[in-house]
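With the hints as your guide, set chains P and W onto chain V.
Spelled out, the chains give:
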Amino acid sequence: MTRPLELHPDRLFPADPKTRDVARALYAEVGGLPIVSPHGHTDPKWFATDDKWTDATSLLLAPDHYIYRMLYSQGIALDDLAIPHRGGVPATDPRAAWRLFASNYHLFRGTPSRLWVDHVFAEVFGFDVALDASTADLYFDRINEALATDAFRPRALFDRFRIDFLATTEGAHDSLDSHHAIHRSGWGGRVVTTYRPDGVIDVEHEQFDGAMKRFAELTGEDVYSWRGYLAAHAKRRADFRAAGATATDHGHPTAATANLSPVEAEALFGRIVSGSWTAADAELFRAQMLTEMAKMSVEDGMVMQIHPGSFRNHNAGLFASHGRDKGADIPTRTDYVHALKPMLDVVGTERDLSIILFTLDESVYARELAPLAGHYPCLKLGPAWWFHDSPEGMMRFRETTTETAGFYNTVGFNDDTRAFLSIPARHDVARRVDCAFLARLVVEHRLEDWEAAELALELTSGLVRRAYRIDQPEPAARAA
Amino acid sequence: MTRPLELHPDRLFPADPKTRDVARALYAEVGGLPIVSPHGHTDPKWFATDDKWTDATSLLLAPDHYIYRMLYSQGIALDDLAIPHRGGVPATDPRAAWRLFASNYHLFRGTPSRLWVDHVFAEVFGFDVALDASTADLYFDRINEALATDAFRPRALFDRFRIDFLATTEGAHDSLDSHHAIHRSGWGGRVVTTYRPDGVIDVEHEQFDGAMKRFAELTGEDVYSWRGYLAAHAKRRADFRAAGATATDHGHPTAATANLSPVEAEALFGRIVSGSWTAADAELFRAQMLTEMAKMSVEDGMVMQIHPGSFRNHNAGLFASHGRDKGADIPTRTDYVHALKPMLDVVGTERDLSIILFTLDESVYARELAPLAGHYPCLKLGPAWWFHDSPEGMMRFRETTTETAGFYNTVGFNDDTRAFLSIPARHDVARRVDCAFLARLVVEHRLEDWEAAELALELTSGLVRRAYRIDQPEPAARAA
Amino acid sequence: MTRPLELHPDRLFPADPKTRDVARALYAEVGGLPIVSPHGHTDPKWFATDDKWTDATSLLLAPDHYIYRMLYSQGIALDDLAIPHRGGVPATDPRAAWRLFASNYHLFRGTPSRLWVDHVFAEVFGFDVALDASTADLYFDRINEALATDAFRPRALFDRFRIDFLATTEGAHDSLDSHHAIHRSGWGGRVVTTYRPDGVIDVEHEQFDGAMKRFAELTGEDVYSWRGYLAAHAKRRADFRAAGATATDHGHPTAATANLSPVEAEALFGRIVSGSWTAADAELFRAQMLTEMAKMSVEDGMVMQIHPGSFRNHNAGLFASHGRDKGADIPTRTDYVHALKPMLDVVGTERDLSIILFTLDESVYARELAPLAGHYPCLKLGPAWWFHDSPEGMMRFRETTTETAGFYNTVGFNDDTRAFLSIPARHDVARRVDCAFLARLVVEHRLEDWEAAELALELTSGLVRRAYRIDQPEPAARAA
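Chains as they are written, first to last, in my numbering: chain V, 1 to 480; chain P, 1 to 480; chain W, 1 to 480.
Only pairs whose alpha carbons sit at most 25 Å apart, straight line, appear in this in silico SDA-like list of lysine to any residue:
(1) V:Lys341 to W:Glu206
(2) P:Lys45 to P:Arg214
(3) V:Lys341 to W:Arg324
(4) W:Lys341 to P:Ala77
(5) V:Lys235 to V:Asp198
(6) W:Lys18 to V:Arg11
(7) W:Lys18 to P:Pro4
Worth flagging that the hints you see were computed from the coordinates, not collected in a lab.
Chain V on its own, in the form it takes in the complex:
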């Protein structure tokens, strides 16, 4: 027996009828607005080549670590899901992998993945029966048929999704070829890059040496001298801005920052590039570089994003067999109050600087992040991130930050995804949860209805555009 698949128009709205009415009314005004996606991990090559995707498994299953980490946690082998390992993509029949996913789809009950995937199935592919073992083949075939049509090429979906702005993320050692190709193509979609220099900052990353070599080639600088290294960053930041970037991004293990003297910084850098560093040096160098990046942002106006606190590649066996980014990253307790102070001592009172803070440690929302963002002019709060990008997680974010930071020190939603087809689903969840939160404030007589309507618009559109400086024709450089 097949079960129907239907996206209820009131999904995620509170049960209380009066509150639901208010939420519905708020959502009616913002649910259909264009999407602004200022931070994510889609592949710019998709939009450069506009090539068709080939099949359901390689598009929807194999790249989505939210999906396969859950299946893996229940004892399913990654090989059986066609997840690439260090030796390449395993010789798994894509249909068999899809069937395995389908017959275990109940595992996702109660998770945001379920909400996103059902939204993709219903809205993007038009399914009206639910995915399970009995419909696995139907799904696999129909998705593949759709992907073979022009209507499902990347640019066509970009337009259909009404995406107004989409930022990808590239390393400091990336050529930006895809972005240049997009711009040269004359296509009207606004796809820009983001400067993420972790590869040339984190000496503990296994590809640091290669990244530095490429960094030198791309900039022509002596990146093994402290002065040349900083100059190379400045050059590449300019390259990225020329390719549309408005922001940088930094994914460090902790939020540690440092404020070393030039002499100390140069000596530390010497140890880093000579290979004679300790783990403490590696951490201190990452910390110092956040401050260096903040200083450069004061100069060139790029918005700075800090995404700290992930313990990468926690599963040693899996890292050995499959490498990084395989769903084995685990959040850790993260301090911000002490960690950010050295950087804030340098740039904290800059009014034209914008630093957006993210966390995987929700205990800091009320205790550290909201008080920091509710005080420092340069600090803003990024939305609920990664493991907390869920209806409950978003609600906790609002409930624990609004009291101290208000709404206006937040920056709207980030989908932060490599799953392109799920972007509308993710923004829809965020809009619904924000409307639900606002509706409660209205019904409890803490906001007027017209204020809630203004805020719904700000949370969907205004705040993100301003925070990421999307509408500034030129980067907001410090007045010379």
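Just chains P and W now, with coordinates in the frame of chain V:
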């Protein structure tokens, strides 16, 4: 004036009428199911001898640290409550102790103890007036009268409570005499033990020396050599399995694990048994033993439970006068991500291993435990524990773990109690809260109603039976 | 277009109609009760001189760091808001500052400041149009007119607000002149002081030397000897008690306590007063002094409040330009379980001692504070504090502490404010949130309605009066 006591059929269900209807319907299907209690601290002697309990105070008040810690916190002396101290049971009139409890019963408003105790009064003893100073004697007399009847013997209540499976917890140095007596008796109740070797692992425990001596006697091994010590554990694990155990349990101060080389481990063990250990050695030995126990679980298929994070005997004065387990244990902040890694590096990818993690630090639910259990095949999440075994605590557990770990990486409910009469009450609270959570997901159109019904059954019965391997005729040993 | 300003009678009550009805009924009994304010920072000089306040900006904007930290966080300069800096009050036109506040009033949407300020505008000043750019002058002029009348003098407002008890906070080196003047004046208002000796305990405070000098003058003791220093504290505690104080207060960076031997303590004190201390010494001395203060409280019966965990003056640039208490204090992660043990080892089982614990780290509510207060006779829980003094913060406090500590180990509400006009608003929010929480318990059949009514009264009046020993004619000294 006496007040009525009545258990409302809709208690703990959400206020919203539609959500309440859904919760009520879900509960109708699971509220009456038999009880599976895979972890707790009832006394197996009760079921071995089937002796009658003597009076309300010694059964319901004196052993229940949830009850007397609250009374103590408000300035009531433990002696006045008939709580045993190091010199024995104080010469307190049981009726006077009961009156003191009754006249302070308002202190429990808003606590789970209130819910459990009222349930026991109404359902087990049939009271229809509330406990307070005016009804103290009525309660004391009627309870004592009931306890004098055969219908209130342990085995009769076990049957009346419809308990399908009940695990107690015994030390590695326990004879298991009561369990053997139960099995020999031919009684049909399934009461099994659990292997809790803390007494011979925690050298900081004041009874370590005695426990080791007994451990040697029971196994005939040279438990003071590393090889003999491990062999003794293996023997006792086999004894426990023969007595029905499907699980082990480990109650360490932290979740630290270690992965020492055999040489290092043997040297450490040498310091432990020679008495020349430091506090760091004691902690490292506990850490190493979690990994050793995990390796043995891979071999013998016993489910491993880790209950870390309690600062035992915090009140120095009370420990001096009354000893341990007197309501003076306090939770502490607990790390899992770094702490578990050494053990997971060894056994993390074992698909037949099952490790159930508990916590007293709710800040780790969303940040650490759900991401770990939502990735590692061997990890599952135990339910809200001890101080958090409350309606709010259970709801926080679901709200912060489901998004990342789903429902299927959880293991149903544990009552974890020594208060036998409260077992049905505790399971009833858990079932109601789970139904309330599921009902919200249904009304917010995040689950279909038939999915919620399936999940209610899983949370009550399916998950716990599978997680604790209750229905396996033989322990799930690794295929030889 | 002006917008109406109206305080809805149902504000902050839950949306569900049945729950709202219960909340409304509970609030009807407690909403109008007199105010007991046992901890706050109003200026006793106001009540001593009864002088009129001069204008809206200097009364409502310039002293309220909740207000100007939010404006500052959005890039508004403190100078433009008439906030005093180290050089004095800037030459800002008060009307211009007020207009800037008014035109940015939307920033406070969703914050408790918005609730408090609107309550002041509507209830104290009688406005029926909302504050915004268009009504800024209307507000400024009308407020100033009102302040020029006798009805808005401090004592008149004290009576109008129906304040029954108001505690201010003074340093150990304060003359208490204003309090003596209040008492001499024959005015009937009960305004008392609180002993806050941080200035002579925290050697890292920039004014420590001056405070010690004044401490010596006021007591005639040799405060630079350990014995004399303790004697000076005892004298000043007696002075404060004579001026009505029932409590002490301690605002340390952490909750650390210590239990040094007399010899160690004296040696530590020697390093402190000789200026040869380290940061660790400073911390250890603060820790030891908490224990010394607790011992004195056992003697003299003063209630002890501990307010730990604020990282003071986080913004280095702002501290340099504007000094302390400028909205730049940030909460930090705070441990209590280990930190308090040395003190509790000394005084933990004293039944006549009362120590009220506060926190800026909500992760400790369920994990540490509720278990500690639910066990130790001397410990009680202060209400949600500072950044968490919000509807959500108060609800989290109840939801995470009640299960383990119950209601009776809490102490009612503290407004903790220097914004005198907002005191009724703050107590009103607290009463409404407590009624909302109780209403939910009633509707979920976890409390009877008559129990909730008793509790609402306790949370508003009974608990605070008993916890702060407000109705004891003499301090509760240990029976000699």
